[in-house]
Each structure stands twice: as C-alpha cells, then as structure tokens.
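The residues making up each chain are set out below.
Number of protein chains: 2
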Amino acid sequence: MTRRRPCSARKQQKQVALVCPGCPGPSKPRRKKMPLGERQGDKSDSRYCGVETDFDDDMPGVLTFNLQGGFDFVVAPLIDPSYRPSLGKADGNGTCVLPFAASDLVISPSQWSSHVVGRISSWIDLDSDNEELRMDSEIALKQEIAWASHLSLQACLLPPPRGVSCGNYARCVNQILQGLTNMQLWLRLPLEKSDVLDDSMDGVSDSVNGGHVIDSWEWWNSFRLLCEHHNQLSIALDILSSLPSVNSLGRWFGEPVRAAIIHTDSFLTNARGYPCLSRRHQNLMTGFFNHSVQIVISGKGVHNVCPSANPIDSYNKGMPRHPLRSYLDYVGFLYQRMDPLSEQERIELGYRDFLQSPLQPLMDNLEAQTYETFEKDRVKYSQYQRAISKALLERVSDEMASTITTVLMVVGAGRGPLVRASLQAAEETNRRLKVYAVEKNPNAVVTLHSLLKLEGWENIVSIVSSDMRCWNAPEKADILVSELLGSFGDNELSPECLDGAQRFLKEDGISIPSSYTSFIQPVTTSKLYNDVKAHKDLAHFETAYVVKLHSIARLAPPQPVFTFVHPNHSAEKNNQRYKKMCFEIPNDTGSVTVHGFAGYFDATLYEDVHLGIEPSTATPNMFSWFSIFFPLRTPIYVTAGSPIEVHFWRCTGATKVWYEWCVASPTVSPIHNTNGRSYWVGL
Amino acid sequence: MTRRRPCSARKQQKQVALVCPGCPGPSKPRRKKMPLGERQGDKSDSRYCGVETDFDDDMPGVLTFNLQGGFDFVVAPLIDPSYRPSLGKADGNGTCVLPFAASDLVISPSQWSSHVVGRISSWIDLDSDNEELRMDSEIALKQEIAWASHLSLQACLLPPPRGVSCGNYARCVNQILQGLTNMQLWLRLPLEKSDVLDDSMDGVSDSVNGGHVIDSWEWWNSFRLLCEHHNQLSIALDILSSLPSVNSLGRWFGEPVRAAIIHTDSFLTNARGYPCLSRRHQNLMTGFFNHSVQIVISGKGVHNVCPSANPIDSYNKGMPRHPLRSYLDYVGFLYQRMDPLSEQERIELGYRDFLQSPLQPLMDNLEAQTYETFEKDRVKYSQYQRAISKALLERVSDEMASTITTVLMVVGAGRGPLVRASLQAAEETNRRLKVYAVEKNPNAVVTLHSLLKLEGWENIVSIVSSDMRCWNAPEKADILVSELLGSFGDNELSPECLDGAQRFLKEDGISIPSSYTSFIQPVTTSKLYNDVKAHKDLAHFETAYVVKLHSIARLAPPQPVFTFVHPNHSAEKNNQRYKKMCFEIPNDTGSVTVHGFAGYFDATLYEDVHLGIEPSTATPNMFSWFSIFFPLRTPIYVTAGSPIEVHFWRCTGATKVWYEWCVASPTVSPIHNTNGRSYWVGL
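Top to bottom, those sequences are chains A and B.
First residue of the first sequence: 1, per UniProt numbering; consecutive thereafter.
First residue of the second sequence: 1, per UniProt numbering; consecutive thereafter.
Calculated from the structure, these hints are not laboratory results.
Take the hints with a grain of salt, since some may be wrong.
For chains that are exact copies, the list does not tell them apart, and a pair is met inside one copy or across any two.
Keeping only pairs whose Cα atoms sit at most 25 Å apart, straight-line, the calculated BS3-like set for lysine-lysine is [to be verified]: (1) Lys656 <-> Lys390; (2) Lys506 <-> Lys390; (3) Lys390 <-> Lys376; (4) Lys142 <-> Lys579; (5) Lys573 <-> Lys142; (6) Lys390 <-> Lys434; (7) Lys142 <-> Lys656; (8) Lys142 <-> Lys580; (9) Lys548 <-> Lys376.
Being a predicted model, the structure only gives us computed values, none of them experimental.
Chain A on its own, in the form it takes in the complex (with noise of 0.2 Å):
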C-alpha cells in the first residue's frame, strides 16, 4: 500500500502568479546571463538579486548601469516623489500630467516586465489624520499602479504601513486586488519584533514607524486578514542589522514572502575590508534561498573595497564597477556555498506544496506504476526485513531452526516486495519459512505468480487472490506482515483490515507492524491555505491532503493523536478515536496563524524496529510518505503565549472511516467534515 501517487503520476498544477522579476519567458532575450550561481535542479526565484534604486528621469541609463553592473532586477519609483496628485499641473484638457521615469516607448514592456519592481511613492499616508493627504494618498497610489499595470510589471513595492492602524490603506489596497490580472503586490515591511517599546530600532522603521513597532508579523497579518488572503498580496522584508529571535523569523517561511531588502548597513566588514553578514543574517539567507525568496540590495556602499585595485568590473570591460558590486559578490558566494541539492530532494521539488488527495488503496486498485516506484523505497524494505528476523529468531530457537517452519502471511502483497523481505529475513536468520501472499487486486496477482516463478519460490509462496477481510485461511499464522499505513498511519484503514486478518493469526501470533501512532502539529501555510481556497467550496476545506511539506512555519513539537496496537486481544473492537490536544508556541514566537495541521506517523514494526515520518524520530532517506495536511476552514490568529486546544476525531459508519477536527481555543472553529461529509475512507 501507498501514501501518495509517485512522480509521472503528477497532476501539474499551475502556479498563480509567481513573480520572478529577473526570469522573462522562454522566448524572450534575457539581458543577462549570470544569476547568483548554478545550483543543480534549483530553478527558484532565489538565484536572483535586484537592487533598490532612486527615481531618476533616464530609467533606460539605470537600467544599463545597474543590469550591467551585475544585478538582475531593479526596484525603481516610477513617479518623481515631489508630484501630488492635488498639486498637479493639468494640461490643456484638463487632466492630470505625471511625471513618469520613462514610457513604454522608451523601455519596451518586455523590459520593464523583466527587469523591473515599481517601488510606489513612500510618501503615501492613506491612515493620516489629514484628510487632504489621505485623498491624496488615495489618487497616487491608484494612478501609480495603473501605470505600473500598463507596463506590465510583475510586482510594485507598497510603502510600509505607518502605524498599527492601517485600516484604510488596506482598504484602498483590496480594492485595487481585485482589478489587478497578474501584478503581485509586496507590501514592504521591516522584519522586527522588539519585546520592549523603546528598543533601538534602525534603517528604515526609525524614521518611518516612530519607534513603535512591537511585531511587524501583527501589521502583516492585518494587512492580510483586511484583504482577505488575496494572493497578489504578497511580502518584502526590509533585513535590518538586528534580527528577532529564530522562533520568530520562522513564521515567515510560512507566509508568502518575495523578496527580502537587504541594506548595506546591515553588513559586516571583514578583515580586507568587504562586506559580509553576521552568522545569523547568513543562516536567514540560506533559509530565503530554500524559499525562493529573492534578495534586494538597498543603500549606499558604505564599504570601501580596494578603491584603487579593481574599479573595472571584469565582466563588463570598460564598464565603471557598479558601486554596491562586492555586496552583490558576497549573496552570490552565500549562494554558491549551499549544499548542492540531493538527488531525492530533486525529485521531489515538483512536489512541494503541491495538494494531493490520500490514496484509497482499499477500495481502488493501485496501478503498476504506482507499486513500481514505492518498491524502490530500499529503506523501508530493509526495516521490514529487520522486524520480520528479529520475529523470527523471537519465535524459533536456533535448536529448533531447522525443525520449526513458521507460517507467515503477508496481507496486502502487492506485486511482492514483503514477500522477498521476508525470505531474505528468513535466510539471513537461517529459519524455515511458508509464505501465504494475500492479494485483493488481481492485477498485482498476476504480477505475484510472475515473480514467483521467476524467483523459483513456489514451494515456498502460495499467493492468495482474496481480501484479507474475507479469506477463509487453511491455517493460522505465526506472524502476520503488512503494509498497510498511511501518512497518518491508521489513515488507509490499516485497523480495520488487520482486525479482519486477526482470525487467522495464532493467538501467540505477531504482528508486523505491532503498533502505529499519528502524530499533528500547527503550521502557518499561506500557500496551501490559497490553494484549498482556490477551490472556492466547503469539501476542500474538510479534505486531508498528502503534501511535500516545504513552505511552512511549524509552529509546535508534533504530538500524538491515535494509536493502534496489533493483535487486538479487546474482546469489542472499536477502532474509534478521540483525543484533545493542547500545543504551546513558544513565547518568543510571538503571534501566528495556524492554517491547519502538518500529520505524521510512527509505526514500530517489531520491537526496538521502527518505521515513520514523525519529523524528531524520522526514518532516513525513506520517500515512500509525505506528511498529511489538514486544513482550518478560517485560519486562527494565536497570540503570543496562548495554547491551541485541538481536537481529532476518527469516526467510524458501516461504509466508512472518516476524521472530524476543529480547534476549540484561543478560538472556537466549527467542527469540520461532519459525519465525514466532505471526505472520508472507504471501506
């Protein structure tokens, strides 16, 4: 059985709107051909740098100068910061004239749209108590996105809110969001969470926020909650020179952040004299480039690196080196430092964050492909064999190895893969075996006799064409081996098949799994949360997913939620469950919003051998399970300090098994997939 549908089998989801201002499309020319590095199979936004520039009136000039100078994209206003749109001159018509950087006659869309983020006048106050400028406010910033929509452009900048009260800017952003087609929005904020009022702030909050930001996240998800997740709304941060605490910067990689600003004020200085980052700034930088976060360069140079050796850049011949170049060297070097990417972690790039609905392997038939690539997972197989031996040599003392034949019945064979675990668990530990293949698709039987013949094991398999819950077995087994869990374990309804299959194992008998746990904890998900919207239907709201976990916060320790023992000696099976759980944020965290729940599980095959995805205890470079998704149908706001109280449910009816959760504080949700309404499990 399988947790997930294997790579050919991909449904390829088309991305929203990913804006990659250094990336054109395929037919277009691309001015320049050297992003921050090669790193093999990373084809993210990461491996570009932008740099923030000043309004100036010869756009094509910056254009060539910064491009030239080894940036990929510029973050440019596009409008002189002196107009106001109740100052402005009117023509002869009447109308207002602006005064533009440059037109689409100048730079051809095709540029601008490459190699251009409209950074929106910061002068823009749409919360101001004056009137006048919050009309003004209102004009500009309509008129400069309509521009910047008319070029093309793949995203603008908006001016960070100036207080906590941003009520009207948001206001005026969700109604421009509904009008835009492809322009993101990245709203700029300063990554800045200080525990006391009157800590030292820098860069760009001192003059911009007085001095009163608590926790930039709070404006963000305001923000965000006005404009109801749109998802053109994205994140730019402004990296300052003292960053909060780890737990709080990891909220982040659960929220859609594009870009991070990086000033050359927060830079280091090493001992030639270049710039560099403190430790903590490089570990934030390996994290944005695992996240397709790109990074901007703003500021001044304020290194002044070997003025007089080198001030021809060696790629452009003849060119004036571009004055922030060494710090652009130095994200590059961070860059190329990384790990290069796993072969495995290759694989399953196309995967991450991707959807995906659980198998139903009980009541479909799983296709060749499908078992083809799972029985390429060696490191599951190799645990299997480990359990089965250790069971084997528990049950048969070496005096009796060679009079003892154990009878084991894989239930669930599949095209066999436990069937050759088990005979080399039996040849390894030197004991007789009789193996009973237990199949319910004949298509994989078909395979099973196959194989048997090929591998001259008749005398020893006898392959079964029957469901395990329906087989009248000639004999009872010693030890009984499945393969039946989910990504949440008993999620594939490995219970009630084993319950079904206990008839014919021994009273003494083993089971292989013997016991298996599912484990949840909290996430932010902003992109998965869109994508379940995107549905725009209840069903996909109370649907569980298997999903390549990537861009996401986790917010708490995974703790477990229902355990499954086998055998089960209970003399009235009941394979309901309850259980309530309670996460603690760290308090450094701050406040988050949990999106839904990352699922795992843990299964100990026999003994000390176990098998799982649960992150703290997970097996090694095992693919065959991706983690779980269960999603909140309104995501809940946490504030700093305060527990989350969940409840799980596994329900069962005469047809089916079904989950209900809901969360029941700091909040209360409704409970989801009520009597298994939108999703549920076949029996």
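Here the structure of chain A is known, so what remains is to put chain B in place on it, guided by the hints.
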C-alpha cells in the same frame, strides 16, 4: 422617498421550525383551550407554559394529569434513566430493547408532537474521561433523539454541558443535527454568570458543574460555534434564584432562547403564602414573553398554598388541583399584566427581524402603495411643517410678510405630502409662498396634478416633471425641502441629489433637512445572522438590510458615522467618507458575539427641529423608517472588556455609491463589500 416596503408588499418568509409544543396545526384538536392569557395580536409561543416531569412508564397518565392541570406541554424523559446501552438486555434477535415510556401506539403522534418535549437522559456525559461512559453516552444520545424524532416531537431538551470543554458533546450533537429534519434541540444551560469562582451557586449548576461555572454564555458560544450556528440548535435557560447583571441578561435576547425553565425554589412567597417572583425576575419574565420564550415550571411545589381551601381545580371539576398550579397561575398573572400591544406594534409584528432590501428610489420608481403607506406618517410631516414654519419666519419678518413671496422647492415631491406641509406652514405663519414641486417619477406627477386641482393649489404650486439633478430652474429658491433620507441617512443618496439641486438654491438659501448623521452600534442577532447565512452566498453577507430589529442585544451605545450638511458650500464636493469607531461594551455584560451592526440616522430639519430613529433620540410614533443592519461574514467573539474597532467607508463611483466595512479589533475581519461588489445604490 421611503425606506422600506409597506406591509402589504411584504413577501411572507417561512419561519424555520419555530417550536411551539403547545400549538398544534390548525386542523389538530387542542386538548387545552387556555394559554396564559389573551393579548391582542400576540400569537407568539410565549403564551404557552410547560412543566418538567420525571420519568414515568404511564406517559398517557402523565400527559392527562398535566394538561388537565393547566399546562400546555410537558418536558419529560422518554427513556428510563437507569438504562445504559452497555448493560442493555438483548432480546432474542440480539437487538436492544429500550425501556421507553410509551410508544406511538399509546399516544398518537399528533399528541406527542403537540404536548411533549423530550428530555434527554441527564447521566449522559460525552466529555467524560471514562471512555466507556463516553461511548455509552454517544449511543444513548443518538438512540433517544432517533426515538424522539420517530415520535415527531418538536424539540428535545439536551442536558447541560458538564464543564468548560464540551468538544465531544458538540461533535456528537453536530453529527445528529445534520440528519434532523424538523426537530429542535434545546441545549439546557443555567442562566448564570459569576465573577468569582467560589460564588455561591444553587439549583442545577451546583450538582452538575461543581461550582466552576463562570459564564454559561461561554458554553453556549463554544457549543454553537462548533455546531456552526446550526439553526435547529437553540437554548433552554434554567432560571435560578439569583440573577446576573441586566447587561449580561440582555445578551440572551440576541440568542435563540426557546424556553426558560423556572424552578419552584426560585420563587419567593408573598404575604398570603403564594409564590411570587422578585422584581428582577418579573422584568426578566416580561422580556421572555416579549421574545417568544416559553416558560417551563420545574421542581416540587414548595409553597403550601391553602391546603384546606380549594384542593379541587375549579377548571376541572372533580380533578385534584395540580401541585404546581399556583406557580402557573402566577406566571399567567405576569403575562396578563403586560401592556397591550399598540396598533403600531401589532402592524409591525410581522416585520420583526425580517430582512428587507433597502429601496432604490433613485433608480426605481416607487409604487402608489408605497407612497400611500408613508404619507400616513403624521409625525414625520408635522416635524417638516414645524421646520418649514421656522424657516419662513426666519426669512421673512412680520413686517414684510405681505410683500415678500418665498420661493420654496420641494425636490422629490412624490404625491405631494411635503407640498401640503409647506402650504400649511405658510398658512400657519401667514407668509406668502410660491412652490415648485419637482418629481422625477412621472406616475407620481399624475397624482400631483390631480391633487392640485382637488385642492385648488394651481396658482401657488408649479409641478416640474424632472430629475432634480438636471432640472434647469427658472428662478432660484429660498428654501429647498426634501425627504430623501434612508434608514442610514445618506443611503438613498440624499447627498448626491441635494448637491445637484443646490444649483437652484439661493446663496443664502435654506435646505430642509440642513444636516443628517448616520449611527451604528454592534449587536448580537443570531436570528438575522442565520437568515443571511441561509442564502449560502457572499453577496448576502455584504448587503445592508432594512429590518425591524427585535430579537437583538444592543451591545454598546450607538456612535455617529457620517455627517452631511446642506447646502454644501465647499469648492469640491466630496461625498466619500471614512470613519473609524471604537465601541466599549460595559464590563458586566461579559463576553459577547457581534453578528453585525444596527444602523440609524438623525436629521436636523431646521434649527432645533429634528427627526430620526437613533434609539436615544428617536422621534416618537414615527413609522417611516426601520433600522438598517450591516451583517458580518463571520461573527466576532469579543471577550469582556475588549473594545471593538470598526471601520466604515462611504465610497463613490461614476454610477454608484456603496459602503465598505470591517472590524479591526479584537479580531480582524475581511473588508466587506469591496468595490461595492455585493451591494450598492445606483446614481
């Protein structure tokens, strides 16, 4: 102009499963002919009074005894409280036999349905730590409700939750609710809010909750959120001898309370030894009567009323007097003591909590019926007449009264009520008047012409069939009179119309009204929320409704929103508005749910003559306007003492005007009605 449709135009809305156990359908014979009393026009459930009884195998006897004793219905257990599913006797076929009180052969379904509310076993504890008890509870709850449903009961009384955590109880009830067709489930809750943990408690809560209750409303709120505001889940309140604060009681009138169970030991004893209630209890009972809450009397007769005097019921010769008869008589006394409904109240009864779309008098022409209804509002026109008189006296001194003719224009004259008020004002003040009656609805113009002829006003009044925004007036007016206000003041676009009409007002001319202001206040209104939700779309949650608010809790005093002043002499007329408000809920109210905002207006017609529906200053006996209601897509939970920050916008476009609104604190809502996508008023 008008603000709601007249009565006869009302579309009848089907009431969803309003439980009325004492009230069989029209064709069914009623056992009891005597509700609490007759109150003209009052057809609500609160006329009926029930009694709580214990389990008795002889249900027909119990029913006869209580109905003949004067009660309308009984609240009775359906199943022997000693029964446990896990101990259930199996019959020959292995199915369980439930010790039912009586079957549908002993009492007919119509009897069951008219006179019995099923009381679910109180041993049920779905949140127990004991798994067996939990499992037993789930089975029993489902069996009992299935049986009640089979008997066509209109309601079942669920036992109160046992502690703060009621997740599993709610999950189970929620599953049941999905399959219930008509029956209501009344969640029993003590009416209790203690500020201190060790507060003395009595009655139900003492035994059930071990003294840990802080505010039973919190249980209700969690329960109904988990069950997603299901409209078949409602409340039965246990009234104890001590009552929480008036503010905290007020919350319940916005919640679906169906029954109030009053215990005999909550009664006091009057001088003659009869049961009576404290003044605060009496007020609460009146509140229940006014909100269709049925009273149920529970407990043993503790007032030993005249044991020798009259043990025989005078209504039922020969029958022993019901031991709770004196309590019933007292409740009947309270009911009959209430003030009768006024004619206006009786007319408006059918409109209570009934959502209507506001009129669009600018885009649509009103019907004759609508004009007729609103012309009947004498109070309104007498206020106008007073204002016009004042303006005439102000403009023309007594000396000049016979020489100066004041030019008065009624803009939006309809069928002429303001023309009449103007002429009466002129007569009253002895001023000479020339009137222009401007009306865009050609149908109303026909009526106007007849009116002039009928009244002989042809020489004084000129009729202009035109939209005031484009009429070229032959002269300028001294006074502009209009009635363009909606329930929310500017919501029928009075500002835009009067800006247009101002062209033909003299520089020093007067507008009546001279200003108007809208108001909002946060409210709890479970009924309206569910009615909006029933449409299952976004648009209805982003629409403002005209509604006669009744079953609501007003949580904080109204605050002003937008003000418009006429004439508007500013250079650039701008009718956009933005207002941020902060509501403080009285601390002793406790936590609340905000379902939306009730809106009102107040207008200054001229000087000290005002007109409005803002509750604290409302013009008495005026019926032209109901309130307006702005819903919230997700109700907001507000903990005791937290302020509510609300933002309202009035936005204007080329062809329409609309409102946007949001809550920014304590939690952040999405911005409602972005770009007027769901609700707007056409220009």
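Hints and how they fare:
With identical chains, the CA atoms of Lys656 and Lys390 are never at most 25 Å apart, being 35 Å at best within one copy and 78 Å at best between copies. Taking the closest pair of Cα atoms, Lys506 and Lys390 come within 25 Å of each other only inside a single copy of the chain (18 Å); across copies the shortest separation is 103 Å, beyond that limit. When the C-alpha separation of Lys390 and Lys376 is checked against a cutoff of 25 Å, the pair qualifies only within one copy, where the shortest distance is 23 Å, while the shortest distance between copies is 94 Å. Proximity of Lys142 and Lys579 under a CA criterion of 25 Å is satisfied inter-copy only: 21 Å between copies versus 50 Å inside one chain copy.
Proximity of Lys573 to Lys142 under the C-alpha cut-off of 25 Å is restricted to the inter-copy arrangement: shortest distance 20 Å between copies versus 64 Å within a copy. For the homomeric pair Lys390 and Lys434, the shortest alpha-carbon distance inside one copy (17 Å) is at most 25 Å, but the shortest distance between copies (109 Å) is not. Proximity of Lys142 and Lys656 under a CA criterion of 25 Å is satisfied inter-copy only: 19 Å between copies versus 53 Å inside one chain copy. When the C-alpha separation of Lys142 and Lys580 is checked against a cutoff of 25 Å, the pair qualifies only between copies, where the shortest distance is 22 Å, while the shortest distance within a copy is 49 Å.
In this homomeric assembly, Lys548 and Lys376 come within 25 Å of each other (Cα to Cα) only inside a single copy, at 18 Å, whereas the closest approach across copies is 69 Å.
In terms of the numbered hints stated before, the structure departs from hint 1 and from no other.
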